[in-house]
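Just so you know, numbering that gives the first Met the number 0 puts 276 at position 277 of the first sequence, and the rest follows in order with no gaps.
Just so you know, these hints were derived from the structure itself, not from any lab.
Hints may be right or wrong, so weigh each one.
Computed list of lysine to aspartate or glutamate pairs in EDC-like fashion (alpha-carbon distance at most 20 Å, straight line) [stated by the list, open to error]: (1) LYS32 to ASP289; (2) LYS419 to ASP377; (3) LYS311 to ASP280; (4) LYS435 to ASP319; (5) LYS341 to ASP301; (6) LYS82 to ASP194; (7) LYS286 to ASP381; (8) LYS276 to ASP319; (9) LYS391 to ASP381; (10) LYS428 to ASP377; (11) LYS82 to ASP43; (12) LYS147 to GLU59.
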Amino acid sequence: MSSVKVRFAPSPTGHMHIGNTRTALFNWLWAKKMGGTFMLRVDDTDFARSKKEYEDSMRESLKWLGLVWTQEARQSARFERYKEVTQKLISEGRIYPCYETPEELEFKRKRSLSKGLPPIYDRQALSYTKEDIASFEREGRKPHYRFKLNVGEIKWTDEVRGEVKYDAANLSDPIIIREDGSYLYHLPSVIDDVDFGITHILRGEDHVTNTASQIQMFEAIGGTVPTFAHLPLLTGKEGKLSKRLGSLGVRELKADGVENMAICSYLAKLGTSEEIKPYYDLEELAKTLDFSKIGRAQPKFDVEELRHFNIKYIHSLPYDVVKDRISAGQTFWEDVKANLEKVEDVAVWDKICNGEITPVIENKALTDAAASLLPDTDLTVDVFNTWIDEIKSKTGLKGKDLFHPVRLALTGEASGPELKILLSLIGYKKAYRRLKGEKA
RNA sequence: GGUUCCAUCGUCUAGUGGUUAGGACGCGGCCCUCUCAAGGCUGCAACACGAGUUCAAAUCUCGUUGGAAUCACCA
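Using the sequences and the hints given, assemble the complete structure.
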């Protein structure tokens with residue numbers, strides 16, 4: 000009885016974006032819910048595109064999101080192991096050398112397509128004679144290698160898609176070693192999953208056909224086939240938002256004031272039958288994860304909706320969650336949070352209450368009267384109420400005509416938290432001077 | 001083109017043969033209040049199309065249309 004173990008396996012070829020994040024999140028949540036472990040695996044087999052800078056950026060984003068891992072691995076450090084396994088499979092004939100050039104393969108694909116045939120590899124390499132191979136070698140060609148798929152039906156029970164079936168005849172033998180001897184993703188991924196004891200693979204549905212061929216790889220190397228869950232891909236309002244095309248970065252969202260748990264709450268529930276509501280703790284969110292609640296259709300991801308949700312999230316954000324990031328105290332936070340669009344904006348209200356602002360005088364007669372009526376005491380809510388009543392009776396103004404100019408004078412802003420709360424925070428001295436139109 | 005998947009309010013969805021087709025987000029209105037915001041209440045709004053099965057279809061079948069993934073010496 001082994002416990003649950005999942006992995007997030009990004010290739011460091013770009014920054015963390017919304018598609019990536021969703022995959023990482025579901026893995027993390029599942030591990031947490033099941034009391035299992037979450038590991039980070041850097042899939043850097045593609046030397047040409049992998050960059051350290053991207054890897055660092057992804058680690059930073061994962062940490063910021065709270066998606067921490069307790070183990071990690073790097074594919075580029077495991078080539079010896081991959082070599083060992085591939086040698087064995089080559090000797091068993093399960094992996095075979097091919098000598099077509101990329102151009103030839105491209106030509107074959109186009110020809111098949113134009114004939115209305117599926118562009119599946121024709122396995123010509125399986126019928127090379129010794130002479131053919133010798134002549135390729137003389138030409139200086141180097142082989143690339145493919146994994147030979149066995150004929151027959153491949154099926155598995157997917158946690159989100161249910162029973163899934165593929166006929167191997169509709170799949171190409173995947174290339175697993177490049178001409179230059181480097182590895183492609185398919186087999187190393189399977190070897191790692193076996194070696195690290197991965198029990199569940201949660202990934203985007205763009206991998207479903209890979210899963211079909213990888214199941215045969217698991218079997219070929221004598222590993223246990225993990226449980227799969229393929230999440231429907233997110234689509235954008237216009238066009239797609241696949242994991243490589245969707246460029247909406249986590250770093251950009253963060254810079255825009257979108258909160259980490261707002262992103263996680265939103266992504267965890269988008270496309271499910273559950274309400275998208277704020278969760279302030281990843282573990283709480285983890286408890287609610289349920290694959291049966293995930294729809295099979297592709298949800299549309301709209302940044303504007305995320306931003307809107309983020310504001311709603313902030314309006315009910317508990318002080319404990321933000322206390323380490325803001326200088327304001329709990330009372331101040333609770334008083335102003337319902338009017339914030341970004342957590343950092345708490346500083347602007349801090350400045351309005353405690354710093355210096357230039358008031359806006361819209362109705363001088365009114366604000367002068369207000370100043371003279373303002374009592375030099377502790378400006379409690381009660382004091383505020385009697386003060387407002389006095390201004391009302393003296394000027395005959397009420398509603399917006401009354402409050403808007405007072406607010407502008409007191410805060411320099413047209414909107415914000417309730418005045419009765421702000422007044423006590425501003426204090427008599429500043430309030431008086433601002434009502435008189437002075438900087439204070 | 002082959003394979004696989006999908007199709008209910010603007011959006012995410014509930015719905016498994018008989019429902020006033022429900023909820024959430026958004027949007028509109030009203031209330032509260034001291035303006036705005038926040039909060040409360042409320043309203044508008046959907047079964048892609050066409051056949052078939054059935055007393056009865058959002059629900060089952062077939063077809064059509066539309067969308068997506070994949071078919072890389074990317075992952």
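To see whether the hints hold, each was checked on the structure:
About 10 Å separates the Cα atoms of LYS32 and ASP289, which keeps this hinted pair within 20 Å; it holds. About 12 Å separates the Cα atoms of LYS419 and ASP377, which keeps this hinted pair within 20 Å; it holds. Between the alpha carbons of LYS311 and ASP280 the distance comes to roughly 16 Å, so the proposed pair stays at or under 20 Å and holds. For a cut-off of 20 Å, the pair hint linking LYS435 to ASP319 is broken: about 38 Å separates their Cα positions.
Proximity of LYS341 to ASP301 is assessed by CA-CA distance (about 19 Å); at most 20 Å being required, the pair is judged to hold. Under the criterion of a C-alpha separation no larger than 20 Å, the hint pairing LYS82 with ASP194 is consistent with the structure, at around 14 Å. Distance hint between LYS286 and ASP381 is unfulfilled; the C-alpha atoms sit about 45 Å from each other, more than 20 Å. For the hint linking LYS276 to ASP319, the alpha-carbon distance of about 19 Å falls within 20 Å, and the restraint holds.
Taking the CA atoms of LYS391 and ASP381, the gap is near 15 Å; set against the 20 Å cutoff, the hint holds. Distance restraint check for LYS428 and ASP377: the Cα-Cα separation of roughly 11 Å lies within the 20 Å cut-off, and the hinted pair is therefore satisfied. Between LYS82 and ASP43, the direct Cα distance comes to roughly 16 Å. Compliance with the 20 Å bound is thereby established for this hinted pair. As the CA atoms of LYS147 and GLU59 are separated by approximately 39 Å, the hinted pair breaks the 20 Å bound.
In summary, the numbered hints that this structure violates are 4, 7, 12.
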